[in-house]
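Let the sequences and hints guide you as you build the complete structure.
Residue numbers (our numbering), protein chains in the order written: chain A, 1 to 273; chain B, 1 to 323; chain C, 1 to 266.
It should be emphasised that the hints constitute simulated quantities derived from the structure, not laboratory data.
Among the hints, erroneous ones may be present.
Covered stretches of chain B, as calculated for chain A (at least 3 residues, CB under 8 Å) [unchecked claim]:
1) 66-79
2) 87-97
3) 103-111
4) 137-148
Given the structure is predicted, the values throughout are model-derived calculations rather than measurements.
Note that CB positions come from ideal geometry on N, CA and C, so glycine has one too.
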Amino acid sequence: MGERSAFAEGLRAYGLIAGMWVRSSMTYRTSFVITMLGNGTMTGLDFVGILLMFSQVDSLGGWSLAEVALLYGLSATAFGIADLVLGSMDVMGARIRDGSFDTLLVRPVPVLAQVGADHFALRRLGRITQGALVLGWSLAAVDVDWSAAKVLLVPVMLVSGAAIFCAVFVAGAAFQILVQDAAEVQNAFTYGGTTLLQYPPSVFGKELVRGATFMLPLAFVNWVPASYVLGRPYPIALPEWAAFASPPVAVACCALAGLAWRSGLRAYRSTGN
Amino acid sequence: MDAFIELDRVEKVFDVRKKTGFLKRERRQVRAVDSISFSVARGEMVGYIGPNGAGKSTTIKMLTGILTPSGGRLRVAGIDPSRERTRLARRIGVVFGQRTTLWWDLPLIDSYKLMHRMYRIPDERYRENLDRCVELLELGDLLDVPVRQLSLGQRMRGDIAAALLHDPEVLYLDEPTIGLDVISKAKVRGFLRELNTERGTTVLLTTHDLQDIEQLCKRVMVIDHGRLMYDGPLAGLHEIGESERTLVVDLERELPPIEAPGARVVKVEGPRQWLAFPASESAAALVARVAAAYPMVDLSVREPDIEAVIAKMYAEQSEKAVS
Amino acid sequence: MGSWRLYVAVAVGGFRRYATYRAATAAGVFTNTVFGVILVYTYLALWDEKPHLGGYDQAQAVTYVWLGQCLYATLAIQGGGAEKDLMDRIRTGEIAVDLYRPADLQLWWLASDMGRSLFQMVGRGVIPFLFGAVFFPMALPTEVTTWAAFLVTLLLAAVVSFAIRYLAALSAFWLMDGMGISQALMITGVFFSGIVLPLNAFPGALGDIVQVLPWAALLQMPADVLMGETGVPGAFAFQAVWAVVLLAAGRLLQSAATRRVVVQGG
Chain A
1 MGERSAFAEG LRAYGLIAGM WVRSSMTYRT SFVITMLGNG TMTGLDFVGI
51 LLMFSQVDSL GGWSLAEVAL LYGLSATAFG IADLVLGSMD VMGARIRDGS
101 FDTLLVRPVP VLAQVGADHF ALRRLGRITQ GALVLGWSLA AVDVDWSAAK
151 VLLVPVMLVS GAAIFCAVFV AGAAFQILVQ DAAEVQNAFT YGGTTLLQYP
201 PSVFGKELVR GATFMLPLAF VNWVPASYVL GRPYPIALPE WAAFASPPVA
251 VACCALAGLA WRSGLRAYRS TGN
Chain B
1 MDAFIELDRV EKVFDVRKKT GFLKRERRQV RAVDSISFSV ARGEMVGYIG
51 PNGAGKSTTI KMLTGILTPS GGRLRVAGID PSRERTRLAR RIGVVFGQRT
101 TLWWDLPLID SYKLMHRMYR IPDERYRENL DRCVELLELG DLLDVPVRQL
151 SLGQRMRGDI AAALLHDPEV LYLDEPTIGL DVISKAKVRG FLRELNTERG
201 TTVLLTTHDL QDIEQLCKRV MVIDHGRLMY DGPLAGLHEI GESERTLVVD
251 LERELPPIEA PGARVVKVEG PRQWLAFPAS ESAAALVARV AAAYPMVDLS
301 VREPDIEAVI AKMYAEQSEK AVS
Chain C
1 MGSWRLYVAV AVGGFRRYAT YRAATAAGVF TNTVFGVILV YTYLALWDEK
51 PHLGGYDQAQ AVTYVWLGQC LYATLAIQGG GAEKDLMDRI RTGEIAVDLY
101 RPADLQLWWL ASDMGRSLFQ MVGRGVIPFL FGAVFFPMAL PTEVTTWAAF
151 LVTLLLAAVV SFAIRYLAAL SAFWLMDGMG ISQALMITGV FFSGIVLPLN
201 AFPGALGDIV QVLPWAALLQ MPADVLMGET GVPGAFAFQA VWAVVLLAAG
251 RLLQSAATRR VVVQGG
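Here it is, written out as structure tokens:
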């Protein structure tokens, strides 16, 4: 089987398994509704925090509420999509500990697809919904001279951003193969990452911005392209085309994460647990 | 007959880090499987036994491609499992004794429908196999029941069916009867026997229950400390281990110890007496002799404890090594 | 009573149980540190824009952030302490066994949660706090008495935190949806404890309300005592009153729940 057909197989298996989890969750219908609302509310608290701050000030790091809301909306929605698609990968450590990870390895479909679809939960739409609401409001509220490129950048940011966060999830899962209890390290990069991106880059120290741009390129989820859309200077000097670099950055992140996953799986299969 | 499973000096070495102090750790190598060689022909049913931690699961994990051997050569159906794990997966079935692969909150049938699509089983084959499993494992009334409501025995039967829908050429079972009641055990054993004789499916099972082996397997392999200690018929194992079965006899009243050739009384408790006799001999002859000479009310035969057999065998081997 | 030894043993058990997860603890330290850094920068920007917001200067705002990260797991602000185990036991019915133990149910779980809190504080909370103190300007007191008072407020905060979660967990007897309860705990805990923004920086009437709710006893009170922003007796009284009220409410709910279990036959 070639790479492409393995990818297609993986997607198909993902769909099958995710469907099973959705049907499982539908056996507890009220619980599903409650937890979906809870998920939306919980994740919306971050934005409530921003609103509270703006109840005291008119700008943060020089950015207005509508501009920060744009960052928030992009970050929360992109992360929400990644969280919906691969968000349960933090149960992988538990699966390895209790031995049920082995049962995934004897199936004729890619393990990554099985792990990704594990505990797939539609309640995570709650996060996407509240992120999209904030995004929608901010797009209407920001003072931007919309050009075709800027309009196009919005969906590009969402898709690339989701892919970058997916890569972080996969890399985190690979790390959990080595250290099973360390799901929280993943949280630092996933939840920590989306929180970081909800605030203007001008708020943070230059070193931190540099790290988030060049080392773990989360800045390409929203900071860099959104700065361009809003016509705001980015704290560190970047060429103008960097605003459009999110897709290739996302592809590179996914490729690296894929390699990390492979070597993680290889480590598991040679050491066992 | 062609060798379907082939192991040639297969090894598996784990690096174990043990804490020896607050921050100090000691690295140590553990040979979980130590140069094991055997082959299993297509259509054989083999029991794979040994104490906990002997290397049974590690062997099964290598056979299924979950683990990569550290050394030696391993082939299943001509495939190197660790290199072509996904391709092999279509041709094997695995039942993990205490870990269900069924979907907890969904009706049993939903898990089967998933297997149908995940393994891309042709519709007709799927129907046939499902019908057969449902009939033989008596799953008919359970198909619409959520798995979480099934008993342990029902779930095990459900798991076995799930592992067989795609017509695997070999079935690995890890402790398939552990924790099951007598009736469920009988159903599972009957089904496995049928599967092996009628369909020619190769079966490799690990178990703690010697009756599983006795009723199912002509051949048994014993592993301990990662080494293959014995490979042959069950009777031979009894001979080597000099294991004994126990005939428990309830007499009408208290009597002096029973005298029967080939057996010795090991315990007397009121009218009940325990007679030990070689496991390789038939119980029927002994029962007939005792029944002829003594007023017997009830009797039962106790199988030798597998751990005891292995322990004895192990002690003997090391004795031989010393002398 | 004489049975205090039992509760000490339970607390030690709670401590030990969490102490076994070394990698998880290290990961938690890392996560709290990362979040601390992110929050510190946003607070600095906020206080830059509006100095003396909520009566804090910048160093106090920074101190507040790191104390929050220190107490996040310690006080199980988003849940995940003893109440999680308790809800599991209610769901599986094992709680019936606990009711027959010759020990007080509430005290038992309190002791267990105190053990957990102590470990989370020592193993997980202190390091991010020290990290903050080393790399950012913080407003820490020099008098021993202030630190002593601070430790007392921490103890009281842990009791109030437990009392809130115990109440929530007991509701699992009536509401079978543990996930929903956990989420409610998480949302209220995160919002009302002031982990997002100090409660004294909340605007207007909302600010007045959140400062008298029990969650104000968790982070705001210890922070204000540590930084000398509030009278110590007043802080103690505030925490103690909420502790007593919530524990008493827990007792009431507990006896109702017990009757329910007995009626259902376990």
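Here is how each hint holds up against the structure:
With a cut-off of 8 Å between beta carbons, the stretch 66-79 of chain B has 4 residues touching chain A; three or more are needed, and the interface restraint holds. Check on the stretch 87-97 of chain B: 6 of its residues sit with their Cβ under 8 Å from a Cβ of chain A, so the three-residue criterion for coverage holds. Given as covered by chain A, the stretch 103-111 of chain B passes the check, having 5 residues with a CB less than 8 Å from a CB of that chain where 3 are the minimum. Against chain A, the stretch 137-148 of chain B contributes 1 residues with a C-beta closer than 8 Å to a partner C-beta. That does not satisfy the three-residue criterion, and the hint is violated.
Checked against the numbered hints above, the structure breaks only hint 4 and satisfies the rest.
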